[in-house]
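Sequences are here, hints too, so could you generate the full structure?
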Amino acid sequence: MAILNKKFAASGLLALIVWAVGAPAQTAALEYQVKASYLYNFARFVTWPDDVFAGDSKFNLCVVGAERFGPALDAFAGERVEGRAILIRRLERPAQARATYCHMLFIGGASGAEPTAAGPERGVLTIGETAGFLDRGGMINLIEVRGRIRFEINQPAAIRAGLVVSSRLLNLAAKEP
Amino acid sequence: MPLRAEAPVLDVKRLTLEELMDIDVYSAARRLEPIQGVPSAVYVLTNEDIRRSRVTSIPEALRLVPGVDVARVDANKWAVSIRGFNTRSANKLLVLVDGRSIYDPLFAGVLWEARDVMLEDVDRIEVIRGPGGTLWGANAVNGVINIITKHARDTQGGLVSAGAGTEERGFGAARYGWRSGDDQHARVYAKSFARDTGFSPVANAADDTRMSQTGFRWDWDKNARDAMRVSGDVFSTAAGERDTATTTQDVDHSGGNLLANWRRRISDSESMRVQFYYDHIALDNLQIGEKRDTYDFDLQHNFAPTTDHQVVWGLGYRSTRDNIRIASGPTTVDPARRTDPTASAFIQDTVALTPDKLQLTVGTKVENNNYTGYEWQPNARLAWTPDMQRTYWAAASRAVRVPSRLEADIVAGGVRLGDNVRAEYVYAYELGGRRLLTPNVWYDVATFYNVYQHLLTREPTAQFSNQMHGQTYGAEVAVRWQAQPGWRIDVAYTYLQMNLKVEGSSIGGLQGSADRSNPNHQLAVRSALDIARHLEVDATLRFVDELRALNVPAYTALDLGVGWFPRRDLELALVGQNLLDSHHPEQAIVNATGVVTGTEVQRGVYTKLTWRF
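Residue numbers (my numbering), protein chains in the order written: chain A, 18 to 194; chain F, 56 to 668.
Everything labelled a hint here was simulated from the structure, so no lab data went into it.
On a predicted model such as this, the values are computed, not experimentally measured, just so you know.
Built from N, CA and C at the ideal position, the CB exists for glycine as well.
Honestly, I wouldn't trust all of these hints.
[To be verified] In the SDA-like style, the derived pairs of lysine to any residue whose C-alpha atoms are separated by at most 20 Å in a straight line are:
hint : chain 1 : residue 1 : chain 2 : residue 2
1    : A       : Lys75     : A       : Gln113
2    : F       : Lys277    : A       : Gly126
3    : F       : Lys277    : A       : Glu84
4    : F       : Lys277    : A       : Gly125
5    : F       : Lys412    : F       : Asp442
6    : F       : Lys346    : F       : Tyr333
7    : F       : Lys556    : F       : Ala604
8    : F       : Lys277    : A       : Arg110
9    : F       : Lys346    : F       : Arg393
10   : A       : Lys75     : A       : Glu99
11   : F       : Lys277    : A       : Ala127
12   : F       : Lys277    : F       : Ala249
13   : F       : Lys277    : A       : Gly129
14   : A       : Lys75     : A       : Gly179
15   : F       : Lys277    : A       : Ala130
16   : F       : Lys346    : F       : Val466
17   : F       : Lys556    : F       : Asp442
18   : F       : Lys346    : F       : Asp171
19   : F       : Lys346    : F       : Ala382
[Stated by the list, open to error] Here are some, though not all, of the chain F residues that point toward chain A, as calculated from beta-carbon distances under 10 Å:
hint : residue
20   : Leu70
21   : Met76
22   : Gly212
23   : Val215
24   : Asp238
25   : Arg445
[Claimed, not checked] Just a sample of chain A residues kept apart from chain F, beta carbon distances all over 10 Å, derived:
hint : residue
26   : Asn58
27   : Pro66
28   : Asp67
29   : Asp68
30   : Arg97
31   : Ala102
32   : Ile105
33   : Glu109
34   : Glu138
35   : Asp152
36   : Arg153
37   : Gln172
38   : Ala178
39   : Gly179
40   : Leu186
Below, the structure is given as structure tokens:
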């Protein structure tokens, strides 16, 4: 019943027969495995100011509204970024980012939160998955281009937060049309 | 449960950024089809399948599904059926849009010219061949088509599309979706099109079409426990046709619907759903007018009494009230107004005989209708899933078709033609299997042997009777091959034989049940190729066997489409349809007065621009 209940919100009649709901759920699963892997890669290709790690030996990867990741994100817990082990922290609201000492904040599309909801926070890389995320102050946005997940970068916003985005990442980013 | 929750086996953890950027999250997931463990012949057309087939209507999309016979009657009418009996009023197939029936109980069939959706907002179309009566009730004799629109959360932002062509004269659609509150999403849409006439070998074709539709959907996912949805549509269609040898007419269709449901997830193994809808349709032409209001209430409950059992049961009540007008003449419908309530209850249990390997599903529906009283529609299905790659299944079921309003109440020359009409029955025996052969190839084979009893016939007196019996059998094969990451090939083959006999004094059955009035063989091959990062090339080649009884020769049709993305939010498509001949017939329709009203399908070219923002 696991898949059935995940698709519970989808249209009803099929839920009734317990059939054929596999494909969309698997799509979501793969999409978020890919997105989780992107988050890990972003962490590797962005440099944080040293002082944001003071007093904290962990790399805090915070997520809001990211239920669709399922366990995909946890596969990266403990991986090392900037010499520190990744700690996955699931937040209820972006406002908790400051108190959680987030280094990276992923704002899921389902949360509806604004990119700047965590406040103008030094050393917090904000990542989203909604149209207009960069225009509203976000730093990296994951977008879907014909079935493939790509990303776009708002470099000025990253610089303002004291983050250095590697040229490799900048080169791969989708260019504004 | 037959479905497995495992995510795709793909180690995305160690991939480089470049590799990540190249994973097609959709086609890779599709590679994991076929749907595991389902004890039935199921095929799913996804939104992407529909887009890449470059079709402009639901019936055209269904041509790609194995076991489905789609024949265009004229430029605005289709005959769509599963496993035989195809006519414009193919009465053994149930079609639902988000759980709302679009089967017309007056004519017994779907009036495709006036039942539409916004194709861009369709999540998927699920086609279940074989009886679906246990879960869906009467008229799901040979199959169920379930058109499922996207959750409002998945249609956020705007979409505008517009196009024009030689047959598809002009069409446009617009949708906008937004967050309407905490955990709430909404969308509104509108679409409109004008379609050219077909080709008529005998007279001027008058079957051009104009259609407009608008609607909304609102979803509220309150929390992990409760979710709600409200949606509605209104439409208006003017579908032309020839009604006599010398005159033509526009048939006006209009209607609207409102649907609301509430779902509660009680635990991982228990859930409930309550759904209500209201549907209004009106149809008007020179000979007949139909006004119909339908109220439908539906409740279902899923739970697991023990870890080995999964039970689903439900209750349904539908009331449909109509008002039929028939032009003055010897033929009438009596009574002109009628209200038909239908009450139903069903229960189905899925038992894990051996954990994860062998599952037995047993269930039945009982329905009480105004025409034939109580009808039972039981089924039993067995699924064997030896591993993640293979599923084999077998099923036996019984399904019922209830007489249509017209069959029951038509009066000609003072004689009630349908006084003795009764329900039709099928006993269906099915066997199938599907297998993931390699990570890039799967196939699905389904076979059936159907025994029909009491199919509708006509007596020499013109009265209806139920004197046709017999068997049909056939096989359907679907193969999907992901030849390369950017190249997918789908093959669908359908084989059908019908051996039906008219007995007693009857002189024949409905058109679609006559010998050789359905294609024995059908083959469709579709290729979807990403030729470059911003360029797609799609092709569909179809062969449909002759309909000897109707003098419709076999035909082969080719559709080609090119999609170009000059910007990532912009798609420009150029599409050619039915390119191999200037025109060909797919069905032959002769109306009650002996006039050929069908037309032939013509070659067409159109271009379409889609902008998403």
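Verification of the supplied hints:
no. : hint                   : result
1   : Lys75/A with Gln113/A  : holds (17 Å)
2   : Lys277/F with Gly126/A : holds (16 Å)
3   : Lys277/F with Glu84/A  : holds (14 Å)
4   : Lys277/F with Gly125/A : holds (17 Å)
5   : Lys412/F with Asp442/F : holds (8 Å)
6   : Lys346/F with Tyr333/F : holds (14 Å)
7   : Lys556/F with Ala604/F : holds (15 Å)
8   : Lys277/F with Arg110/A : holds (16 Å)
9   : Lys346/F with Arg393/F : holds (11 Å)
10  : Lys75/A with Glu99/A   : holds (10 Å)
11  : Lys277/F with Ala127/A : holds (12 Å)
12  : Lys277/F with Ala249/F : violated (40 Å)
13  : Lys277/F with Gly129/A : holds (14 Å)
14  : Lys75/A with Gly179/A  : holds (19 Å)
15  : Lys277/F with Ala130/A : holds (16 Å)
16  : Lys346/F with Val466/F : holds (19 Å)
17  : Lys556/F with Asp442/F : violated (43 Å)
18  : Lys346/F with Asp171/F : holds (18 Å)
19  : Lys346/F with Ala382/F : holds (15 Å)
20  : Leu70                  : holds (6 Å)
21  : Met76                  : holds (6 Å)
22  : Gly212                 : holds (5 Å)
23  : Val215                 : violated (15 Å)
24  : Asp238                 : holds (8 Å)
25  : Arg445                 : violated (15 Å)
26  : Asn58                  : violated (5 Å)
27  : Pro66                  : holds (23 Å)
28  : Asp67                  : holds (25 Å)
29  : Asp68                  : holds (28 Å)
30  : Arg97                  : holds (14 Å)
31  : Ala102                 : holds (15 Å)
32  : Ile105                 : holds (14 Å)
33  : Glu109                 : holds (12 Å)
34  : Glu138                 : holds (24 Å)
35  : Asp152                 : holds (12 Å)
36  : Arg153                 : holds (13 Å)
37  : Gln172                 : holds (17 Å)
38  : Ala178                 : holds (21 Å)
39  : Gly179                 : holds (23 Å)
40  : Leu186                 : violated (7 Å)
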